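First to last, the sequence lines map onto chains A and B.
Add 158 to the 1-based position in the first sequence for the working numbering, that's all there is to it.
Add 1185 to the 1-based position in the second sequence for the working numbering, that's all there is to it.
Since the hints were derived computationally from the structure, they do not count as laboratory data.
Note that the coordinates shown come from a computational prediction; the quantities given were computed from them, not determined experimentally.
For each residue, glycine too, the CB sits at the ideal point set by N, CA and C.
Be aware that a few hints might be false.
What the hints assert, rightly or not - Not everything, but these chain B residues come out facing chain A in the computed CB check (under 8 Å): (1) 1237; (2) 1259; (3) 1262; (4) 1263; (5) 1265; (6) 1268; (7) 1279; (8) 1291; (9) 1294; (10) 1295; (11) 1296.
So the chains spell out like this:
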Amino acid sequence: MVLASVLGVFDISLDKLSNGELWLAQFFRGLSDGATYASVALALVMIYKSTGFINFAQGSLALLGVYLAYIFSVEQGLPVAVAVVCAMVASSAVAMFVERVFIRPFPPDHVLPLVIVTLGLLLIIDSAVGIVWGFRTRSLPSMFPSGAPIEWGIAQLTWRTIGNLGTVFAVVGLLYLLLSRTKIGLAFRAVSSNLESARLVGIRVGPTLGFGWALAASIGTLGGALVVPELLLEPSIMLRVLIFSLAAAALGGLDSLVGAVIGGLVVGLARNLLVTFLDLSELALATAVAVILVVLLVRPTGLFGSTRVERV
Amino acid sequence: MSAPYLEVAGLKAAYGDIQVLHGIDFSVDEGQIAVILGANGAGKTTTLRALCAMVSTEGSVQLAGEELSGRRTADIVRRGVAHVPQGRGTFPDLSVEENLMAGAYVRSDADVRSDMEQWFETFPVLGERRTQTAGSLSGGEQQMLAIARALMLRPSLLLLDEPSLGLAPMITRSLFEQLTSINATAGTTMLVVEQNASLALGVADVAYVLEAGEVALSGPADELAADDSVRRAYLGY
C-alpha cells in the first residue's frame, strides 16, 4: 500500500522497472552522457591541480574552442577530428593569453580575487561568443561514425559512445604520463604543492601556470567536442554541461583524474536512471547539484581525492 | 686578497610599508660558513629572503662579482643559490624522490640520479622513505629532506634558515656535523640563520649579529664566541 503510493508519487511503473531492455538502454545512455561529463571534468581537475581553485572560465574557453571546431569543420570543411585538434591548439593559445593578461598580475596564493576574475572571464567570453556567432543553435558533427555495433532491442551501444569513452581514457592515460614522467609535469605538481619552494628550486611559476591553463583549455575543447554532438551548439551550452561536470569532479575528488572519469560515469548513469525510472526530467540539473551537496557533506575530498597529509 | 664570494651592501627590505632591513652590509668568502644571529624580529629571515628576491629590496647583492639584485628568484637559483626556508621547505604532496628531483629542476646533467643516491646515503632515513610523500615525514625528516633538496642543486651558496628549528638536540648536532662535512668536501659557501648561537658559532667562520634590521656586531665566529660581554649582550648564553 505504502509502496504503491510512493511509486504513484514518482510515477514509477512496475512495467518500466521490470523492463531489462530499458535498463540496458539507459545504462548505455548513461555511459554516453558520463563520458562527456568526464571529459569536461578532466579539464576542471587539471586546472584545479595546478592552481588549487575551480576555474569558472574553463567552460567558456571550452565553448570558444567548440565554436572554433565548428568553424573549422562545418564552415571550412576540414574533417571533424582535424578541426577539433586545430581548435584545441587555438583555444590553448587563447588560454595562455588570458592567463598572461588577466591572471598573472594577481598573486597566485590569493585565491579569492582569482576566482572572481575567472567568473568575470566566464561572463565576458560567453557574451563575446554570443555576439560573434549569435544565439541560434547549430549542430557540430561527431568525430566518430554513426551507428551502433551492439544492439539489443532499444538498447544501443553506439560508436559515438565507444569513441567518447575511448577518448576519455586515452586523455587520462596521457595526462598521467605527462604529470608523473616529465619535467614539466613535475614542475606543475611542485607549484601546486608548495609555491614558495617551487620558486626556490628555480621553477618559473607564471609560465608553469600558463601551461596548465593551456592544457586545461585544450582538454576542455576536446571535451566540448565530445559533448556538443549529443546536444546542440549554442552559447549557454557549456554552462549546463559544467554543472554536471562539476558534480562529476566533486564526486571523484577535485584533484583526481581517475576520479573525474568515474565521477562522470556515475553522474551520467544516475541522471539517466533517475530521469527514466522516477520520471524526474525536470529535476535533472537538481540531481547534479544534489550530488555536489552530498559529497561536500559526507566526503569533502570526494571518492579519490587526496587528503592532504602534513605532519607537524 | 680576493673579493668576497657574496658581498651585500646597503641592503634594505620591506614588507609593504614595514621596513625590516635598514641597509645592512656583510660579506662571505668562498667556502666559508657564515652565521647570522639575532633576536626574533631582527631581520634574519628577511635577509635570506632578500638574497633570493623573495621580498622587495633595495641595495646591492653581488655573487662572485655579479649583481643579483633586480633579478628574479628563478634566475638567482640558476646562479647556484639554494635556499632552505624556515619550517616547510618541502613539497608535501610529492614523494621524497620527487622532492629531490624537483631540487635538481634547473640541472640538465646526467648525474642527478647518482647525486640523489649519494644524499640517500648521507641521510639514510630519507632513502628508506623514498616513495613516501614528504608530508608524511616527521618534522626532523622533513628538515633533512629540505636540505637534501637544496643540495640537489649543487649550490655554490647555500642559505639555511633556522635548520635546527623543531629538531631534537642530538639530531641538530648531527645535522651541523653533516653541514660542516659538506662544506669541507664540496666547498659549498653557506650562510646560516640560527637561534642556537653556541652551536652555530661552533661551526661558523664568521658571524654577524643583527639587531632591529641593522648589523650590530660582526667578526670571526671564534672571537665572538670567546667574548663574554658580547655573549651576554647579544647571544643570551
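Next item on the list: So, residue 1296 of chain B near chain A? Judge it on the closest CB pair being under 8 Å.
Entry: violated (16 Å)
Item checked: Hinted contact residue 1279 of chain B with chain A - closest CB pair below 8 Å -> Status holds, d = 6 Å.
Next item on the list: Using 8 Å as the Cβ threshold, decide whether residue 1259 of chain B counts as touching chain A.
Entry: Hint on residue 1259 of chain B: holds, closest Cβ of chain A at ~5 Å, below 8 Å.
Notebook entry, point to check: Regarding the hint that residue 1237 of chain B lies at the interface with chain A, is the smallest CB-CB distance below 8 Å?
Noted result: holds (7 Å)
Note to self: Quick check on the hint: residue 1268 of chain B CB to chain A CB, less than 8 Å?
What the structure shows: Holds, about 5 Å.
Note to self: Just to be careful: measuring from the Cβ of residue 1291 of chain B to every Cβ in chain A, is the smallest value less than 8 Å?
What the structure shows: With a closest approach of 4 Å, the residue 1291 of chain B hint holds.
Margin query: Under 8 Å is the threshold here; is the Cβ of residue 1295 of chain B close enough to any Cβ of chain A for the hint to stand?
Written below: The hint is violated - residue 1295 of chain B has no Cβ within 8 Å of chain A, the shortest such distance being about 14 Å.
Next item on the list: Using Cβ atoms only, decide whether residue 1263 of chain B comes closer than 8 Å to chain A, and label the hint accordingly.
Entry: holds (6 Å)
Notebook entry, point to check: Holds or violated: is the Cβ of residue 1294 of chain B closer than 8 Å to a Cβ in chain A?
Noted result: With Cβ-Cβ at 14 Å, over 8 Å, it is violated.
Margin query: Let's test the interface hint: is any C-beta of chain A closer than 8 Å to that of residue 1262 of chain B?
Written below: holds (4 Å)
Next item on the list: May I ask you to test the interface hint for residue 1265 of chain B with respect to chain A, counting a Cβ-Cβ separation under 8 Å as satisfied?
Entry: Status violated, d = 10 Å.
In this structure, the hints that do not hold are numbers 5, 9, 10 and 11, in rising order.
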